[in-house]
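> Starting from the known structure of chain A, arrange chain B on it as the hints suggest.
Top to bottom, those sequences are chains A and B.
Residue numbering for the first sequence follows the numbering used here, beginning at 634 and increasing consecutively.
Residue numbering for the second sequence follows the numbering used here, beginning at 72 and increasing consecutively.
Hints are supplied without guarantee of correctness; some may be wrong.
Here are the simulated SDA-like pairs of lysine to any residue, each with C-alpha atoms no more than 20 Å apart in a straight line [as the list claims (entries may be wrong)]: (1) A:761 x A:793; (2) A:761 x A:729; (3) B:163 x B:228; (4) A:761 x B:228; (5) B:163 x B:256; (6) A:761 x A:791; (7) B:163 x B:255; (8) A:648 x A:687; (9) B:163 x B:300; (10) B:163 x B:331; (11) B:266 x B:288; (12) B:163 x B:222; (13) A:761 x A:722; (14) A:648 x B:328; (15) A:648 x A:837; (16) A:648 x B:332; (17) A:761 x B:248; (18) B:163 x B:314; (19) A:648 x B:327; (20) A:648 x B:330; (21) B:163 x A:791; (22) A:648 x B:300; (23) B:266 x B:298; (24) A:648 x B:228; (25) B:163 x B:251; (26) B:163 x B:318; (27) B:163 x B:322; (28) B:266 x B:228; (29) B:266 x B:230; (30) A:761 x B:230; (31) B:163 x A:646; (32) B:266 x B:293.
Hints listed in this document are in silico derivations from the structure and should not be mistaken for laboratory results.
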Amino acid sequence: MLFELERVSLRRDGKVVLDDLSAVLPAGASCVAGPSGSGKSTLLRLLNRLADPLTGAVRYLGSDVRERDPLALRREIGLVPQLPALLAGTVEDNIRFAAALGEHEPDVPRLLDLAGLDASYAARDAAKLSVGEQQRAMLARALALEPRVLLLDEPTSALDAAARGAVEATLLHLRQRLDVSTVLVTHDLAQARRLAQFVVQLDAGRLVAAGAVTELLPA
Amino acid sequence: MTLAVTSTTDVSLGQLAGALALIAIAIAVSIWWKADLERDIVVAVVRSFIQLTAIGYVITFVFDQNTVFLVVALLAIMVLFGAFTARHRARKVPHSFWPLLTALGLAAVATVGVVVGLGVFPATPRFMVPVGGMVIGNSMTAAAVALNRLGDEVESGARQIEATLALGATSAEAAAPIVRRSLRSGMITLVDSTKTTGVVFFPGTMVGSLLAGASPTAAVRLQLILLWVLLGAVAVAGLVATTLAYRNFFTPAHQLREPPEP
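Excised from the complex, chain B in its bound form:
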């Protein structure tokens, strides 16, 4: 299968600066509605510029070296940073770093392994790096949303969890409804956007491919593969993160570590 972009699109720094006009609108909206997001928006813009520029040079280096070892090292670093970042969204989950790291790592290995193993993409840096990056990024979001929900649900549902434990249910049985809802909330955004793709919005890869000069058919096929890969990835990440993380709320004797106020 050949899914190559047929030409390149050069973007000048001037064009890039022009796009900042939209950032000014975002900041203005935040100030107008006192959403208190101005600082976050500025940080996001600066970080995205620095991080993407840096990763551009890193990817250029990895492509030039053309060794799988460097690809794996780069993806491992992405997993590590992804787990650190997602941890901030999962503050109410005790020791959330390890569940997140495992979830992101497994999602990356499973999905990149499957697409390379099935021959969907060749095992070259040009495919593995961007696909791995998308998988890790989407997995991070899904796992973070799922654990954020998990933390909120355990806090608000502590009475029901303890009432279920009091019947002699295991912590897994008592947490099952909450784990189910958390997993669902982690996956639902991508499931919904996949349902509406091509109708309500054009996904990023397809837009990027079209802008870069690919034929619409090739852009659509590439996008479909990535959407389906991402669905698998967020399912693995959400499942692993919630399955490992819920245990941290309980003692080995199936007690809630933070019981509800009497």
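Okay, chain A solo, but in the shape it has when bound:
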């Protein structure tokens, strides 16, 4: 199993965010779905140790994430956050920053292509891109780590319908071209159906259902 969460609880400012949650996420294309405030993004942050649970354990490939070097873990499990947060500089600067952390020499045009951007974007000022373009640049930057797993936090929530469709196509294409597992967080069940094979549904920090998308979310 790729990820296992065992009786995980987490509070924020005294409010329960995850409540005694146990769930598994298999390798391949998984999805964590649920309404706003259900704890989806928080769950995602536990997977690469951007946060630790108050109680319970999170395991990655069978071992507790707290036993691993958090920096190495995050380079193996890339995360694309919900809102773009690129560093000052060009798109290529951002890609090279991530690649240097992962100790890789980046093929910038290929990474841009994987993220659905043409090579001319390398020299563009990251701050001057549209939200959709920045989201793709964030994806290219995460891919520069050459991750085994890609965590995607509502990657299309800030986009219009056309841009959303394009990013979804990019993500589907990515799965065909790279040997990378994805964990997608979304509030959109139709998107979960389109992009994932396995789904974990949350509500108010609790598990509602988990299983194959074809069974839980029939078209």
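For chain B alone, kept in the frame of chain A given last:
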């Protein structure tokens, strides 16, 4: 090197009271523009009178005793109070007192040590107390401004910091742009005022020396030494304060203690 003030200027209490007219203007401006600073101005005036009068007697005592031990004790107390005061400007930085105390202490030791060690000033209370006081005061301001900025930047930039951490960057790497900007904001005021000194404004020491009867050349040399000493001091204070303080925003596992709202 001899940098002595050649005569003294006596100021009567009547003259001092006359200067309060300017305070009335400051209060009037605050009331007129509803800047809500009247109370702070009154507190500042009262505190400055009490504190400076008290320190005047303390310095007289330290000068009369003429021992380095008392000088060090006095400067240590200034560092302590400076750190307490600066902490209020750095409310958003967790546990800011220790970084500030270390920053002010190191800035004082390094700069006073260098000027005494190089023979710029003799190791006597008459030089060490005022120079140490200026160094600590300017260091306090620089460190407070830097940590105030640091707190604001971490709060507003939490998403970017976390996005950088998510790439496997260390907390030092993720905080580097913010630490850089905070350090810069702590130092920039003194750097800018040093650039314009003598052109746009006359700095305090030079004015004080001239009023006290020193020759313009001696006043300028004394001022230059102090400006350069202060530049070194604010650099040390800003660097130490920001370098120690940014760590308090992170856990040992390179996580933000206060992550951005999901």
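> Holds or violated: residue 648 (chain A) and residue 837 (chain A), Cα atoms, limit 20 Å.
11 Å, holds
> Straight-line Cα separation of residue 761 (chain A) and residue 248 (chain B) no greater than 20 Å?
Given that 20 Å is the threshold and the Cα spacing comes to 19 Å, the pair holds.
> Does residue 163 (chain B) pair with residue 222 (chain B) here, judged by a C-alpha cut-off of 20 Å?
5 Å, holds
> Would the pair residue 648 (chain A) and residue 300 (chain B) pass a check requiring their Cα atoms to be no farther apart than 20 Å?
Violated. Residue 648 (chain A) to residue 300 (chain B) sits at ~51 Å, over the 20 Å cutoff.
> Given the proposed pairing of residue 266 (chain B) with residue 228 (chain B), does the C-alpha separation stay at or below 20 Å?
31 Å, violated
> Going straight from one Cα to the other, do residue 761 (chain A) and residue 228 (chain B) come out at no more than 20 Å?
Satisfied, since the Cα-Cα distance of roughly 18 Å is no more than 20 Å.
> Hey, residue 761 (chain A) versus residue 722 (chain A), does the alpha-carbon distance stay inside 20 Å?
10 Å, holds
> Does the structure keep residue 163 (chain B) and residue 251 (chain B) at a Cα separation of 20 Å or less?
Holds: residue 163 (chain B) and residue 251 (chain B) sit about 18 Å apart, inside 20 Å.
> Between the alpha carbons of residue 163 (chain B) and residue 318 (chain B), is the straight-line distance 20 Å or under?
13 Å, holds
> Just to be careful, I want the Cα atoms of residue 266 (chain B) and residue 288 (chain B) compared with a cutoff of 20 Å; is the pair within it?
Distance ~19 Å between residue 266 (chain B) and residue 288 (chain B) Cα, so the pair holds.
> Would you check the hint for residue 266 (chain B) and residue 230 (chain B), treating anything up to 20 Å between C-alpha atoms as holding?
36 Å, violated
> Within a Cα-Cα threshold of 20 Å, do residue 163 (chain B) and residue 256 (chain B) meet the stated pairing?
Status holds; Cα separation ~16 Å.
The earlier numbered hints that this structure contradicts are 9, 21, 22, 24, 28 and 29.
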